[in-house]
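Asks: Here are the chains, one letter per residue:
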Amino acid sequence: MFGEKVIELLKESERNRETLSPFNDEKIRQIIEEMHILFKLNMNDANATSENKSLWTTVQVRHSALERNKRCLLAYLYDRINKIKTLRWEFGSVLPPDIRELLSDSEYDWFSKYSTNLATFMRSLGQDIGYSGIDLTENLRPPKSLYIEVLCITDYGKLELEDGDVVMLKKNSRHFLPTSECQTLIRQGILKQIT
Amino acid sequence: MSYLSVTDILVSNEKVPCKFLHDLPKLGFLDPSCTDDDLKAGTSVEIPIWLAESLSSRRPPLVTVDLPKVYKETYREIFSADACTVDLHKLAQYFYELGCYVAKYDIKGEVSTTLVNTFRQRFKMILSASVATDSINALQPLSECERDHTAAAMTTEKALSSWLKRGESLLTTATMVANHRKRKRAEMEML
Amino acid sequence: MDPYEIEFIGENRIASIIPNFSYDKIYLICGEFGPFRAGLPMNVPLWLAVMLKQKQKCRIVPPDWMEIDNLENIKEEEKRSRFFTKMPHEHYMVEAKLILGAASEDIPNASEIKTIIKDIWDIRMSKLRTSMDALMKSGGSYGRLDHLTMMEINSVKPLLPSAMNELLKIQMTSKKSSSATLNSSTFSQSGTSQNL
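Residue numbers (full-length UniProt numbering), protein chains in the order written: chain A, 1 to 195; chain B, 1 to 191; chain C, 1 to 196.
Do not rely on the hints blindly, as some may be mistaken.
Claimed, not checked - Each pair of labels, with its calculated beta carbon distance range:
#1 THR133(B) <-> LYS137(C): 37 to 43 Å
#2 ASN73(C) <-> LYS158(B): 30 to 36 Å
#3 LEU91(B) <-> THR116(A): 15 to 21 Å
#4 GLU5(C) <-> VAL131(B): 34 to 40 Å
#5 ASP146(C) <-> ASP128(A): 54 to 60 Å
#6 GLU33(A) <-> LYS40(B): 26 to 32 Å
#7 LYS158(B) <-> TRP110(A): 30 to 36 Å
#8 ASP25(A) <-> GLY109(B): 27 to 33 Å
#9 CYS84(B) <-> GLU101(A): 22 to 28 Å
#10 GLU18(A) <-> VAL131(B): 42 to 48 Å
#11 ILE9(C) <-> TRP110(A): 32 to 38 Å
#12 ASP146(C) <-> THR116(A): 32 to 38 Å
#13 THR130(C) <-> ILE129(A): 48 to 54 Å
#14 LEU91(B) <-> ILE68(C): 51 to 57 Å
To be verified - Capping the alpha-carbon separation at 25 Å, the derived lysine to aspartate or glutamate pairs in DMTMM-like fashion look like this:
#15 LYS86(C) <-> GLU166(C)
#16 LYS70(A) <-> GLU14(B)
#17 LYS169(C) <-> ASP8(B)
#18 LYS182(B) <-> ASP98(A)
#19 LYS85(A) <-> ASP135(A)
#20 LYS184(B) <-> GLU14(A)
#21 LYS19(B) <-> GLU4(A)
#22 LYS184(B) <-> GLU18(A)
#23 LYS114(C) <-> GLU166(C)
#24 LYS184(B) <-> GLU4(A)
#25 LYS157(C) <-> ASP134(B)
#26 LYS157(C) <-> GLU67(C)
#27 LYS11(A) <-> GLU5(C)
#28 LYS83(A) <-> ASP8(B)
#29 LYS137(C) <-> GLU110(B)
#30 LYS55(C) <-> GLU181(A)
#31 LYS165(B) <-> GLU5(C)
#32 LYS108(B) <-> ASP134(B)
Claimed, not checked - Stretch by stretch, here's where chain B covers chain A in the computed footprint (C-beta under 8 Å, at least three residues):
#33 4–14
#34 55–69
#35 79–88
#36 91–99
#37 158–171
Everything labelled a hint here was simulated from the structure, so no lab data went into it. The C-beta atom is built at its ideal place from N, Cα and C for all residues, glycine as well.
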């Protein structure tokens, strides 16, 4: 009641700092239940205070607990939002289905809106000098060469290159491709660069 | 932005010994050894610091806060003798952060000096842990805050030494993607 | 910053090459270079020199500072002095790594030079680490860092600034509600500075 349940949520976040865990809908509902109970108790006691002054301190204590629960819930949600933001930069604008099910509906909503915002911003860069925008999620490291050799880790299927050629990406196949085409796939873990 | 900081919330969840100055009806459950519904004035209970702060800052204050034993005289002497031999992770995971909260209840101001000096002394443990080959043992006695700094230093160190060794910079899988795959693989193996 | 980003900055330096082909002037974002005449030495950015060398289109001329006696002197100076000595230029490590990596046959005594440079680097890094520890212990709030190159400074980030932040935070928050006399003492330690 006094913040124990909600701490478990946060400990779960802290344990998995680098990954996203599934949205713990069940626990959140329980915590909100608790907050309702606290609030109702307080309402009753507050109304009774006119006769019994000593209940006033109890009301204050319960109120602190309510604020504590609220703070923890907000921190949990905020922490997840930050991780979801990273998801956009690492997985791209389309999430693989097993990641998609880790998000709640409103979180996925937020993700789409963020994706749209990012795309609009990227498109607008350089518009005044005639470019149709720069993809900021590429070239996160200074590029070294035009072409690189890659090994395909999982079956991906057909990849169409800019000049029209189609490459078949099967597991364990090696290819010599332009850096700009491979970058996203390497970040997503589908290709691996080999020297 | 410490309101939303998960670390700050976990730190403020740590318990400190307090004495209640007033009767608190219906809040007997705060004291696990109390069988009454009500909490009587004069009881000493260990409560989380967030609650302790909120209660002691009311006018009039509802509790007095006492220092946890780690910040008291005996331990302070151990820290000033040789801070580097202490296993902070076992003793007080959030030593520095909790210390900052607790120091204001120490009228003499000695806790704050201990905190500062201990951090200064133990900095070299962070330095050596960041380049240690046996990082697990080196990390073991460090507190949470020290571990965070060490992790950051380790990343820099790794990046630098791999730059020195390697000719080409390799593009790599993104961190979250790699971790997600690792976790999935571990889950599959458990099934 | 990532070391590769610093390498990116460093490889814009001008290096000297002798191309084995002829070509007109080229116009790059960083400037115009050329025309290329086979057998005649000329200046190009370091990254271009390395790329041409990898395609076997040129020979790299060793930079002035990259020769044994000069480097031995620097190494002795570094060992002797408590402070950091002035290095040939800001990106000596980047230039050394790229040139010795791609064109070691163009550099006389390449493997000895590699060893000496590595020794100088190791001495400087260990000096840096001892100075960091001394800075933290003594409580000074700034230190002199003459003649440190970008790559070396980058190796102490984010540890040193964040540790000092942490220390300041501990000092400030734990002294916050003590008596008023302590208000000025939190910054009194900046009187001692540490000459690194």
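Asks: Indicate, hint by hint, whether the structure satisfies it.
Replies: Now for the hints, and whether the structure bears them out:
1. Separation of THR133(B) from LYS137(C) is about 25 Å and departs from the stated range, judged on CB atoms against 37 to 43 Å.
2. Checked against the hint of 30 to 36 Å, the C-beta distance between ASN73(C) and LYS158(B) comes to roughly 33 Å, which is consistent with it.
3. For the pair LEU91(B) and THR116(A), the supplied restraint of 15 to 21 Å is violated, since their beta-carbon distance comes to about 50 Å.
4. The hinted window of 34 to 40 Å between GLU5(C) and VAL131(B) is violated, with their beta carbons roughly 22 Å apart.
5. Remark: the range hint 54 to 60 Å for ASP146(C) to ASP128(A) is contradicted by a beta-carbon distance near 44 Å.
6. Roughly 30 Å separates the CB atoms of GLU33(A) and LYS40(B), a value that falls within the hinted 26 to 32 Å.
7. Roughly 33 Å separates the CB atoms of LYS158(B) and TRP110(A), a value that falls within the hinted 30 to 36 Å.
8. The hint said 27 to 33 Å for the Cβ distance between ASP25(A) and GLY109(B), and at roughly 47 Å that hint is violated.
9. The given range of 22 to 28 Å is broken by CYS84(B) and GLU101(A), whose C-beta atoms sit roughly 47 Å from each other.
10. At roughly 23 Å, the beta carbons of GLU18(A) and VAL131(B) sit outside the given window of 42 to 48 Å.
11. Hint check: ILE9(C) to TRP110(A), Cβ distance near 37 Å, so the stated range 32 to 38 Å holds.
12. Distance hint for ASP146(C) and THR116(A): a CB-CB separation of about 50 Å, inconsistent with the stated range 32 to 38 Å.
13. As the Cβ distance of THR130(C) to ILE129(A) is approximately 51 Å, the hint placing it in 48 to 54 Å holds.
14. Distance hint check for LEU91(B) and ILE68(C): the Cβ-Cβ separation is about 54 Å, which falls inside the suggested range of 51 to 57 Å.
15. A distance of roughly 32 Å separates the Cα atoms of LYS86(C) and GLU166(C); the hinted pair therefore is violated under the 25 Å criterion.
16. At roughly 18 Å between alpha-carbon atoms, LYS70(A) and GLU14(B) fall within 25 Å of each other, so this suggested pair holds.
17. Taking the CA atoms of LYS169(C) and ASP8(B), the gap is near 14 Å; set against the 25 Å cutoff, the hint holds.
18. Between LYS182(B) and ASP98(A) the CA atoms are separated by roughly 13 Å; this keeps the pair inside 25 Å, and the hint holds.
19. For a cut-off of 25 Å, the pair hint linking LYS85(A) to ASP135(A) stands: about 16 Å separates their Cα positions.
20. A threshold of 25 Å between alpha carbons decides the hint, and for LYS184(B) with GLU14(A) the separation of about 19 Å falls inside it, so the pair holds.
21. Of the pairs offered as hints, the one joining LYS19(B) and GLU4(A) holds, with about 21 Å between alpha carbons and a cut-off of 25 Å not exceeded.
22. Restraint check for LYS184(B) and GLU18(A): satisfied, since their Cα atoms lie roughly 13 Å apart, inside the 25 Å limit.
23. For the proposed pair LYS114(C) and GLU166(C), the alpha carbon gap of about 39 Å is over 25 Å, so the pair is violated.
24. Our distance criterion of 25 Å between C-alpha atoms is broken by LYS184(B) and GLU4(A), whose separation comes to about 29 Å.
25. This hinted pair checks out: LYS157(C) and ASP134(B) have alpha carbons roughly 22 Å apart, not beyond 25 Å.
26. Proposed proximity of LYS157(C) and GLU67(C) is contradicted: the alpha carbons are some 31 Å apart, above 25 Å.
27. Of the supplied pair hints, the one linking LYS11(A) and GLU5(C) is violated, its CA atoms being roughly 36 Å apart against a limit of 25 Å.
28. Taken as a hint, the LYS83(A) and ASP8(B) pair is honoured in the structure, with Cα atoms around 18 Å apart against an allowance of 25 Å.
29. Between LYS137(C) and GLU110(B) the CA atoms are separated by roughly 18 Å; this keeps the pair inside 25 Å, and the hint holds.
30. Simply put, LYS55(C) and GLU181(A) have alpha-carbon atoms about 23 Å apart, close enough for the 25 Å limit, and the pair holds.
31. About 16 Å separates the Cα atoms of LYS165(B) and GLU5(C), which keeps this hinted pair within 25 Å; it holds.
32. At roughly 41 Å between alpha-carbon atoms, LYS108(B) and ASP134(B) are farther apart than 25 Å, so this suggested pair is violated.
33. Residues of the region 4–14 of chain A with a Cβ under 8 Å from some Cβ of chain B number 5, which satisfies the need for three, so the listed coverage holds.
34. Interface restraint, the region 55–69 of chain A with chain B: holds (8 residues with C-beta to C-beta distance below 8 Å; minimum three).
35. For the region 79–88 of chain A, the stated coverage by chain B is satisfied: 4 residues place a CB nearer than 8 Å to a CB of that chain, which reaches the threshold of 3.
36. By the rule of at least three residues with a Cβ nearer than 8 Å to a Cβ of chain B, the coverage given for the region 91–99 of chain A holds, with 3 such residues.
37. For the region 158–171 of chain A, the assignment as covered by chain B is violated, since 0 residues bring a beta-carbon within under 8 Å of that chain's beta-carbons and 3 are needed.
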